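If you read the sequences in order, they're chains A and B. Note that the working numbering has the first sequence beginning at 12, numbered continuously upward. Note that the working numbering has the second sequence beginning at 12, numbered continuously upward.
Be aware that a few hints might be false.
Since the list gives no way to pick out one identical chain from another, each pair is judged satisfied if it fits inside one copy or across any two copies.
Calculated pairs, SDA-like style, for lysine to any residue (alpha carbon to alpha carbon, straight line, at most 25 Å) [as the list claims (entries may be wrong)]:
1) Lys68 to Asp389
2) Lys379 to Gln403
3) Lys77 to Glu345
4) Lys40 to Asp355
5) Lys379 to Asp389
6) Lys360 to Gly99
7) Lys116 to Asp371
8) Lys343 to Gly99
9) Lys341 to Thr395
10) Lys291 to Glu404
11) Lys40 to Asn140
12) Lys280 to Leu266
13) Lys384 to Asp368
14) Lys40 to Phe367
15) Lys107 to Lys348
16) Lys341 to Asp227
17) Lys68 to Pro364
It should be emphasised that the hints constitute simulated quantities derived from the structure, not laboratory data. These numbers were taken from a predicted model, which means no experiment stands behind them.
Listed below, chain by chain, are the residues.
Number of protein chains: 2
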Amino acid sequence: MNTQIIHVPEGTITSPAGFQAGAICAPIKAKNRLGLAILYSENRCSAAGVFTTNTVKAPSVLLSQKHLSNGNACAIVANSGCANACMGEQGINDAKEIINLTAEKLNISPEDVLIASTGVIGMPLPMNNIRRGIKSIKISPHGGHEMAQAIITTDTRTKEIAVNCEIAQRKITIGGIAKGAGMLCPDMATMLCFLTTDAAIESSCLQSILKNVADDTYNMLNIDGDTSTNDTVICLANGACGNKIIRDNTPEAALFQLALSEVCHFLTKELARDAEGATKLIEVTVESAQSITDARQAAHTIVGSSLVKAAIYGSEANWGRVFAALGRSKIKIEPTKVDIFMADICVVKNGCPVRFDQKDIVAKLHNKEVNIKVCLNDGHYKATAWGCDLTQEYVIINSSMIT
Amino acid sequence: MNTQIIHVPEGTITSPAGFQAGAICAPIKAKNRLGLAILYSENRCSAAGVFTTNTVKAPSVLLSQKHLSNGNACAIVANSGCANACMGEQGINDAKEIINLTAEKLNISPEDVLIASTGVIGMPLPMNNIRRGIKSIKISPHGGHEMAQAIITTDTRTKEIAVNCEIAQRKITIGGIAKGAGMLCPDMATMLCFLTTDAAIESSCLQSILKNVADDTYNMLNIDGDTSTNDTVICLANGACGNKIIRDNTPEAALFQLALSEVCHFLTKELARDAEGATKLIEVTVESAQSITDARQAAHTIVGSSLVKAAIYGSEANWGRVFAALGRSKIKIEPTKVDIFMADICVVKNGCPVRFDQKDIVAKLHNKEVNIKVCLNDGHYKATAWGCDLTQEYVIINSSMIT
Numbered sequence: 012m013n014t015q016i017i018h019v020p021e022g023t024i025t026s027p028a029g030f031q032a033g034a035i036c037a038p039i040k041a042k043n044r045l046g047l048a049i050l051y052s053e054n055r056c057s058a059a060g061v062f063t064t065n066t067v068k069a070p071s072v073l074l075s076q077k078h079l080s081n082g083n084a085c086a087i088v089a090n091s092g093c094a095n096a097c098m099g100e101q102g103i104n105d106a107k108e109i110i111n112l113t114a115e116k117l118n119i120s121p122e123d124v125l126i127a128s129t130g131v132i133g134m135p136l137p138m139n140n141i142r143r144g145i146k147s148i149k150i151s152p153h154g155g156h157e158m159a160q161a162i163i164t165t166d167t168r169t170k171e172i173a174v175n176c177e178i179a180q181r182k183i184t185i186g187g188i189a190k191g192a193g194m195l196c197p198d199m200a201t202m203l204c205f206l207t208t209d210a211a212i213e214s215s216c217l218q219s220i221l222k223n224v225a226d227d228t229y230n231m232l233n234i235d236g237d238t239s240t241n242d243t244v245i246c247l248a249n250g251a252c253g254n255k256i257i258r259d260n261t262p263e264a265a266l267f268q269l270a271l272s273e274v275c276h277f278l279t280k281e282l283a284r285d286a287e288g289a290t291k292l293i294e295v296t297v298e299s300a301q302s303i304t305d306a307r308q309a310a311h312t313i314v315g316s317s318l319v320k321a322a323i324y325g326s327e328a329n330w331g332r333v334f335a336a337l338g339r340s341k342i343k344i345e346p347t348k349v350d351i352f353m354a355d356i357c358v359v360k361n362g363c364p365v366r367f368d369q370k371d372i373v374a375k376l377h378n379k380e381v382n383i384k385v386c387l388n389d390g391h392y393k394a395t396a397w398g399c400d401l402t403q404e405y406v407i408i409n410s411s412m413i414t
Numbered sequence: 012m013n014t015q016i017i018h019v020p021e022g023t024i025t026s027p028a029g030f031q032a033g034a035i036c037a038p039i040k041a042k043n044r045l046g047l048a049i050l051y052s053e054n055r056c057s058a059a060g061v062f063t064t065n066t067v068k069a070p071s072v073l074l075s076q077k078h079l080s081n082g083n084a085c086a087i088v089a090n091s092g093c094a095n096a097c098m099g100e101q102g103i104n105d106a107k108e109i110i111n112l113t114a115e116k117l118n119i120s121p122e123d124v125l126i127a128s129t130g131v132i133g134m135p136l137p138m139n140n141i142r143r144g145i146k147s148i149k150i151s152p153h154g155g156h157e158m159a160q161a162i163i164t165t166d167t168r169t170k171e172i173a174v175n176c177e178i179a180q181r182k183i184t185i186g187g188i189a190k191g192a193g194m195l196c197p198d199m200a201t202m203l204c205f206l207t208t209d210a211a212i213e214s215s216c217l218q219s220i221l222k223n224v225a226d227d228t229y230n231m232l233n234i235d236g237d238t239s240t241n242d243t244v245i246c247l248a249n250g251a252c253g254n255k256i257i258r259d260n261t262p263e264a265a266l267f268q269l270a271l272s273e274v275c276h277f278l279t280k281e282l283a284r285d286a287e288g289a290t291k292l293i294e295v296t297v298e299s300a301q302s303i304t305d306a307r308q309a310a311h312t313i314v315g316s317s318l319v320k321a322a323i324y325g326s327e328a329n330w331g332r333v334f335a336a337l338g339r340s341k342i343k344i345e346p347t348k349v350d351i352f353m354a355d356i357c358v359v360k361n362g363c364p365v366r367f368d369q370k371d372i373v374a375k376l377h378n379k380e381v382n383i384k385v386c387l388n389d390g391h392y393k394a395t396a397w398g399c400d401l402t403q404e405y406v407i408i409n410s411s412m413i414t
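The following block holds chain A by itself, in its conformation from the complex:
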């Protein structure tokens, strides 16, 4: 089996066959900015989703979870500028109406429509604008980029990708778009991410693959430790490429997971790079841990440490903060076995400082991508987490209510 995964130039969610998308300004919050979008597949799709673990869930999350219970969907309607969270009955009614209007427009059942919202919590949706907006949105097979633009908030650019690979002699395509910025943490990150594929895949298989991939990607992203009320990752598979349906525990499923993983790793790193105020992507790998849970927890704690993040911003090789974050991560470690590398340079060996060339390491810490590796030398499990540096710009953005 050819397992090569090829990136599609200017790939996006409408790169896979049979998907259409479009967006409009509405306006929701900002005038002259796309803020409302629809994704649609004429073929009914196998559909899977992963959502926020926050106890406070927006109506968009609750309704999408409900509509995914049968494993199928045809469309996603999404808006930015207003999270429609913590709005009581009104919020639920508004979300339902948006679903109904979208279903009417596309002539499908409301149960086949999923919904996602992002933006400020605690403000009502401008329903009149949205009603008009849904009617006016024009969808097309080239509308993926428009939809990517419509979902971003404080992101400085869209995050889009598509890849090809061959599964059982058929070329399948997977596309994805995401928005992130702040409030990005464990169990999802404040993010919306929509994934499409023209492969045919059983919905239960799609759900388990999406969960696996999200655990290694979006759930290993930590921007500021906060978790939103609206986090949503949805994957739609419409089967338009005509492959034999992919089922659980087959080589085809494994290959599909590999390709989806490529898409999601790309988007995860893009989200970290473009996080609020970020100047650097930080990648923390914890190796030789006693369990995958331990490795993930330690990597998460280190990449989320304000002091580590601030040190990387200043290009300081302050490994003491890395070691201290590891120590408070609540996993069992043997401090005298720990090795730490910053920017590929060993700074701690067997728990003790190692002499290193300060100039050399500072130069490497000035790069746009900084890696930190911690070897626990205590087991066989490994995990990687992604985050970004903590900058003055983050504080400026988040001390005024612009998100």
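Starting from the structure of chain A, add chain B where the hints point.
The following block gives chain B in isolation, referenced to the frame of chain A:
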């Protein structure tokens, strides 16, 4: 019983009878700055301690824990500028030598000396300077303020207090000093805190009272979510005031706890106020929770949220971030029962937004102390956590290695 607790003007750790202290520059890190200090009581003291929960513990923590195992001590030797953490065998040997030199100087057993260090992780102590320093330190009954100066690092001022109260017809005094600044989080905060009293109290009673008080004060302080390798709170009780010894489960023990609590609340709030880059003290109270653990966890999560902290810095009434932080605190809540108050103004009732005067609330959020109250309306437990706003100054301080 008269339960009045009176603050002593310019009170410090040498305010209680029988304690002496002194400090010297050494120098350890900064020239012309006090960095090494000794606290001493001729009477052997009941002694209690609470320490960091970080798995990576500095030798100072490990040795103090060991020396406290018999519940007695006569002296504390402390330094700032170097944490002496993650230094392997050398670190342990250096800490032991400092203890031995202090014991020799004071003519007491090394087991009666406790030790505390704070500062940068992963640098060796300048032992020659320390050896000379210990010999040269002059201790006196007026040296408490000097010691308070010697332990601070990025703090902008010393934190000192003493209170009087009457227990069983005797006036007892409790004094305390602390240093904090960054790396302050659950289970202690990166801090050193030394408490003294001339009351006589059984050491097991002192230990349980100190633990209770620390759980409500220092352990409810969250500056940046990081927990240090060196956190140390020690209380010495020398009995110099001649009271009948205070034992567990007596009204006298309760009164002593009240007075110690007053001292520790004062120091906790001072630590939050003077945290790195802080412009505001944030006090978060969670009420009507199902358990004290739930109340504490929710209060901690909210006060530690980067987004909440940044909003308070900008005087923004962004209650959505408070609600989102509550939702991810992993306690069980019923969102539709939640009320939220910011600066005493109700912003959320039964989970839904309440209209409020934006100008009024912004004016109140400009105060130096901001309170946030969350009523879960779901139980009978309450907890308060303290923290500070997240400012550009915090990032500036922590992106260059000056701590």
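Hint numbers contradicted by this structure:
Violated: hints 4, 5, 7.
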